Amino acid sequence: MLEVARGQVAAIVGADPRQIVFTSGGTESNNLAIFGAMTAATRRRRIISSEIEHSSILAPLAELERRGFEVVRIAPDRDGRIAPERVLDAIGSNRDTALVTLGLANSEVGTVQDLAPLKSACRDAGAIFHVDAAQAVGRIGVDVNALGCDLMTLSGHKLGAPAGIGALYIRDPAQISSTTLGGPQETGRRAGTPNLLGATAFGAVVEALLDLMPAESDRVATLAATLFARLREAIPGLQLNGPLIGRLPNTLNLTFPGVLGESMLIAHDLEGVEVSMGSACAAGAVEPSHVLLAMGRSRADARSSLRISLGWNTTAAEIDAVAKIIPNVWRRVAAAEPISEAASR
Amino acid sequence: MSARVIVAMSGGVDSSVAAAILREQGYDVVGVAMRLAPEPSAPVAKRRGTCCSHDDFEDARRVAERMDFPFYVIDLRADFAARVVDNFVSEYIGGRTPNPCVMCNREIKFDRLWSRANALQADFVATGHYARIENGPDGRFHLLRAADNSKDQSYFLFTLGRAELARTLFPLGAITKTEVRARARALGLANADKAESQEICFVPDGDYARFVERASAPEQIRAGAIIDSAGNRLAEHAGVHRFTVGQRRGLGIATGERLYVREIRPQSGEVVVAPREFLDAPGLTAERVSLVDDSLASGAEVPVEVKIRYRHPAIPAMMRVDSSRHAEVRFIASGPAVTPGQACVFYRGDEVLGGGFIERALGAD
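Line by line, the protein sequences give chains R and H. Using the numbering used here, the letters of the first sequence correspond one by one to residues 1 to 345. Using the numbering used here, the letters of the second sequence correspond one by one to residues 1 to 365.
Take these hints with a grain of salt, some might be off.
[What the hints assert, rightly or not] Subject to a maximum C-alpha distance of 25 Å in a straight line, what follows is the list of computed SDA-like cross-link-like pairs (lysine to any residue):
(1) R/K324 / H/D28
(2) H/K151 / H/E134
(3) R/K324 / H/R4
[What the hints assert, rightly or not] One-sided excerpt, in silico: chain H residues whose CB lies under 7 Å from chain R:
(4) Y72
(5) S115
(6) R116
(7) L120
For the record, the hints were derived by calculation from the structure and aren't laboratory data. Just so it is clear, the structure is predicted and the values come from calculations on it, not from any experiment. Glycine included, each C-beta is placed from N, C-alpha and C at the ideal position.
Kindly generate the complete structure, drawing on both the sequences and the hints.
What follows is the structure, encoded as structure tokens:
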């Protein structure tokens with residue numbers, strides 16, 4: 001059964017099943033990719049990444065920096081795009097780069113990166129190329145061979161599988177060292193009894209998605225575009241974060257003028273509409289999104305931003321309903337709780 | 001549709017029971033915990049009676065799950081720092097003794113939380129304070145002491161006006177702390193026997209002097225001399241923020257008689273000490289006075305009972321408030337030490353008439 005699931009997961013990114021290692025999720029996959037690659041790279045000391053990566057990339061990089069590795073973080077443009085030329089410049093003729101790690105689609109604003117030009121440069125420089133595709137797989141077509149990456153992170157629960165399952169595509173096992181040591185599971189690349197239930201669900205989800213795509217992507221993209229058009233009409237000054245084209249079909253990141261995102265989030269939750277903020281924490285310390293700040297937004301704008309995600313189960317009727325609810329909530333929150341000076345700091 | 005009430009929840013037993021009572025009464029309860037300070041850094045085992053920790057919020061969340069109402073943590077750190085903590089520090093630096101709980105109620109719970117409540121279409125805001133609100137025969141709302149006199153917190157709530165009282169609920173006002181704990185146990189709330197929180201939530205170790213020193217620039221700290229009423233230097237001190245009028249301990253003076261802080265002079269850095277009988281003042285002046293009923297601000301003398309510290313009993317006095325929100329209060333008998341910066345709250349029987357912040361003691365004239 002595990003091998004059926006492995007085959008299904010491999011198929012959605014065009015990989016060989018033997019190149020798929022099951023993990024506990026995107027975070028573990030990113031940790032395995034980064035620490036595994038840097039452990040295997042005995043000599044090289046340099047990592048190239050960007051300022052807008054997921055925390056499961058940024059935190060391992062910060063840790064490696066503390067341990068003496070050099071980390072180069074490329075800044076995005078205003079739409080959250082990482083210019084391939086800047087990555088190529090950073091790789092340059094430097095033979096010390098061990099790893100290039102970049103997200104294929106940004107988790108907060110949905111910008112899809114143009115990573116194809118990096119394939120040969122990484123090969124030429126002898127650097128391992130890791131792509132965090134946790135947000136992209138199942139939403140846009142992703143192919144490990146077309147991207148030419150060495151490692152790719154996949155997440156199960158982002159697609160509707162239960163939390164606790166993910167995968168790492170490993171092109172050549174020699175390129176990374178295992179970071180979880182123990183039994184010989186997953187051909188020695190990740191010790192520990194595999195999560196069979198999770199993997200089975202993951203496999204079933206991606207197989208279903210493979211059948212639905214690309215029609216499903218188009219359907220969701222149309223719904224998202226309809227929602228954005230209606231919100232923009234109803235909310236003067238509403239800003240879309242990220243590009244109009246070259247984005248994930250299901251994600252809208254919007255800056256609502258004159259309101260606190262936290263307040264909007266709670267007000268929507270009470271109306272039965274689930275939206276999210278860039279980086280909220282369970283203990284109630286809301287920090288402005290590092291992605292939006294890196295894209296040049298002010299702290300105040302970052303605090304006024306919300307992410308709206310659509311899924312395969314989102315219907316046109318639901319979009320019609322939220323297109324009415326959101327402007328009403330915005331008007332009410334803006335009138336009742338104008339942003340205070342303290343809160344915008 | 002039932003009325004919606006935003007309940008401020010700290011994770012402690014009082015606000016938990018307050019929320020549970022309202023839920024049982026059929027209100028559409030929305031629980032909100034306010035993150036006011038950063039996560040406490042002390043090891044879990046050593047924490048007692050702090051607030052704003054992840055554990056406290058989880059306690060509140062458990063109550064919300066048990067009683068089946070929505071619960072959110074909201075981030076008011078910036079507002080709390082700007083409106084409560086900065087004021088706390090500058091008051092101490094200025095030689096006064098602030099009351100941050102009053103400021104927090106005024107600036108955070110009944111201002112920022114109120115705005116949030118409006119944004120969430122709430123009809124009421126509720127807290128676990130021990131105080132009562134009654135809709136009187138005159139058709140107006142009155143703020144009254146709690147039924148449990150030993151827990152009464154009406155002192156901290158004097159800034160509430162009629163409009164706020166009309167939309168505020170204090171479900172614990174009519175019951176005792178013992179009953180609250182019993183209710184919590186009966187409801188199966190996990191925090192039924194949780195320890196009381198301490199007085200100043202954002203100074204977990206209680207060392208407020210060190211807190212003030214950390215939060216201010218070295219040149220703001222006013223060190224100086226401890227002197228007696230005749231101007232004799234008795235000792236040196238490290239800063240006026242370390243003293244409170246009426247304080248006896250920690251003066252670092254060994255004399256035959258017991259000496260108390262009588263006056264703090266922030267400009268010169270002098271702290272004047274005197275024997276107890278010299279501290280008694282005939283009255284005080286107060287600033288930033290607010291009254292539940294504005295008609296009392298007529299400039300006429302009104303008999304009241306005044307409470308000049310939370311733990312002091314209210315004493316009879318004559319009060320006169322002018323239109324500039326300034327009060328002069330004369331005690332009927334001689335009063336206790338008057339501490340600038342503390343709240344003075346006016347009562348008539350059980351009813352809170354209003355209050356202000358003590359400016360200075362009246363001289364004996």
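Exercise. Are R/K324 and H/D28 close enough, with their CA atoms no more than 25 Å apart?
Worked result: holds (23 Å)
Exercise. Measuring from the C-beta of H/Y72 to each C-beta in chain R, is the shortest one below 7 Å?
Worked result: This interface hint holds because 5 Å falls under the 7 Å limit.
Exercise. Should the hint that H/R116 touches chain R count as held when the rule is a Cβ pair under 7 Å?
Worked result: H/R116 check passes; min Cβ-Cβ to chain R is 6 Å, inside 7 Å.
For this session: So, H/L120 near chain R? Judge it on the closest CB pair being under 7 Å.
Result: holds (6 Å)
Exercise. Is the shortest C-beta separation between H/S115 and chain R less than 7 Å?
Worked result: holds (4 Å)
Problem set entry | 25 Å Cα cutoff - pair H/K151, H/E134 | Roughly 18 Å separates the two Cα atoms, so the pair holds.
Exercise. Is R/K324 within 25 Å of H/R4, Cα to Cα?
Worked result: Holds - the C-alpha atoms of H/R4 and R/K324 are around 22 Å apart, at most 25 Å.
In this structure, every one of the numbered hints holds.
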